[in-house]
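Could you slot chain B onto chain A? The hints should help.
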Amino acid sequence: MKCYLKYGALISPLGTTIEDHAHALLSNNSGIKQVEGSGFNNENWFLGKMNELSGDYDALLEKALGSLESIWDAEILKSPRTGIFVSTTKANMRLLPGDTFESTRTLIKKELHQEVDPVIISNACISGVVAVNVAADYLKAGKFDRAIIIGIDVLSDFIIYGFQSLFALGNEVCKPFDAERKGISLGEACGIILMTNEREEGVFAEYIAGASSNDANHISGPSRTGEGLVRAVTKTLERAGMDKTEIDFVSAHGTATIYNDEMEAIAFNRLGLEQTPLNSLKGYFGHTLGAAGIIELLSCMISMEKNTLIKSLGYQQCGTTQTLAIVEENREKELTTILKTASGFGGGNASLILKKVQ
Amino acid sequence: MKLIAHSYLNRKAAFLNGVKVAHADSEQPNDFLKTYYRELTIDYPKFHKMDALSKSAFISDYLLEPFYADLVDLENKLQLVFANNDSSKQTDLKYIESYEINNNPSPSLFVYTLPNILTGEISIKHKWYGENCFFIQPAFDAQFFADQAMFSFLRGNDYCLCGWVEMNGSENEECFLFLLEKSADTFEIEQLTTLLKSYRNE
Chain A
1 MKCYLKYGAL ISPLGTTIED HAHALLSNNS GIKQVEGSGF NNENWFLGKM NELSGDYDAL
61 LEKALGSLES IWDAEILKSP RTGIFVSTTK ANMRLLPGDT FESTRTLIKK ELHQEVDPVI
121 ISNACISGVV AVNVAADYLK AGKFDRAIII GIDVLSDFII YGFQSLFALG NEVCKPFDAE
181 RKGISLGEAC GIILMTNERE EGVFAEYIAG ASSNDANHIS GPSRTGEGLV RAVTKTLERA
241 GMDKTEIDFV SAHGTATIYN DEMEAIAFNR LGLEQTPLNS LKGYFGHTLG AAGIIELLSC
301 MISMEKNTLI KSLGYQQCGT TQTLAIVEEN REKELTTILK TASGFGGGNA SLILKKVQ
Chain B
1 MKLIAHSYLN RKAAFLNGVK VAHADSEQPN DFLKTYYREL TIDYPKFHKM DALSKSAFIS
61 DYLLEPFYAD LVDLENKLQL VFANNDSSKQ TDLKYIESYE INNNPSPSLF VYTLPNILTG
121 EISIKHKWYG ENCFFIQPAF DAQFFADQAM FSFLRGNDYC LCGWVEMNGS ENEECFLFLL
181 EKSADTFEIE QLTTLLKSYR NE
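Protein chains in written order, with this note's numbering: chain A, 1 to 358; chain B, 1 to 202.
Okay, chain A solo, but in the shape it has when bound (with noise of 0.2 Å):
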């Protein structure tokens, strides 16, 4: 069984539909700025905030199933063969000390006519990788026809104040993998991948094979070795049969901490894909966590449709000890087969590869 990828929506900073984020992303375009006030004694943190629902949970997730309708009809979105994936850290934060996550089951019912509970995945930063990994794994058992895979979290106090106090946040828009980096800068957003057996119209990816593997390490700080990772992409490539050489292009994790940076370069270096072309796509929206695997996915999509490798925004000159091939300008190139990765607290790394559907 062969699972296809399509667009379903994209709602962050920079912008509510696919095409302000093509046209962002190809700009170039940042969606962090600083936000006055907005750290525990008041620092003025550089996030990722949306103007409009900026930490409103339940009504990012309404706006973004109410575009669905445009793409799949009702009778499709209310299937029991259609799977609903929820990839989220903290859901409704709002909520507690009630059930955070019942206005995700309840909206998703309300929205799509759906009787039956969405899956939902809280694995940390690897959520949305993991959720399109699982979604694969329903289709591909015969469990479902098409899966709508929804990748969502926003900005709190609870999330900014946390990072903070781990000296996780830098003090500038964030500079993946670059010699000055300093931190994360945070982010909102809320993204969904639309996934079907069948190659309906606007599928342009197929969905090959992924994988996780945990760094058996710590369960905040990244490996200093990248195992997980390394073993994750090499299952990854095992499953799809294929060759590291066969990569076009890999979007990687890249926070823009130190260590996290430097764990994936060494870990893309040990997998022999430091010559392939690489980007984070943090400087643009920031680090959404729940959202981030599905937001960079859609990232992906576009820059598969595009036939253009997007610049890693914020990176100037080399800041890991081993190098990689990062893209400093958007450039033209065929891109047939992507490697996406995630790296997150809990040791988690996960990674799936995308073909383009020729």
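Derived from the structure by calculation, the hints contain no laboratory data. Treat the numbers as computed from the prediction; the structure is a model and nothing was measured. Treat the hints with care, since some could be wrong.
With a straight-line Cα cutoff of 30 Å, these simulated DSSO-like cross-link-like pairs (lysine-lysine) come out [to be verified]:
1) A:Lys244 / B:Lys127
2) A:Lys143 / B:Lys2
3) B:Lys77 / A:Lys355
4) B:Lys77 / A:Lys244
5) A:Lys33 / A:Lys182
6) A:Lys143 / B:Lys182
Just chain B now, kept in the frame of chain A:
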């Protein structure tokens, strides 16, 4: 697939394959995990830094350890599949207190405000580098876990350590772990539900 072993704990007792192996004083609900740690003479200093969610999974996993010895290449071929309804809510609320009441956001609490941290703790303990996934589910669903295990075996894994782990501050706190192995045997999914019901005394 085949069920190799299972463990269970709640505020009252801890069990391995249906046999009680440790007892806790239910009048001190916050201390039962420490009681099991002591009663089972576990020695793992990192335990004391963990939140309740990780501690409960750690102890339940510790009980299953004798069954790991005969299994092959757990480092690569074992997947962790965990789920609960309340995510890391208890730790989330404690962390919120750290900045709203104590005026000092606690990084050591913040890192535990993700449910999948417990899969990291188990991976670190055993040096397991396999696949991990944490799901949020409204209630224990045997069919869901069986599906995930089947997918996992189709992807090339040989074992699945599954866990339903709810440490939400309520009377119903529990942790139910079961180890599944890829095999041609027919698996009665309902036996998982039956097991959990008997552990719960339902």
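Structure-based check of all given hints:
1. A:Lys244 / B:Lys127: 26 Å, holds
2. A:Lys143 / B:Lys2: 22 Å, holds
3. B:Lys77 / A:Lys355: Holds, because 27 Å separates the two Cα atoms, which is no more than 30 Å.
4. B:Lys77 / A:Lys244: The hint holds at about 22 Å.
5. A:Lys33 / A:Lys182: Judged against 30 Å, a Cα distance of about 15 Å means the pair holds.
6. A:Lys143 / B:Lys182: Holds, at roughly 20 Å.
Hint check: no violations occur; every hint is consistent with the structure.
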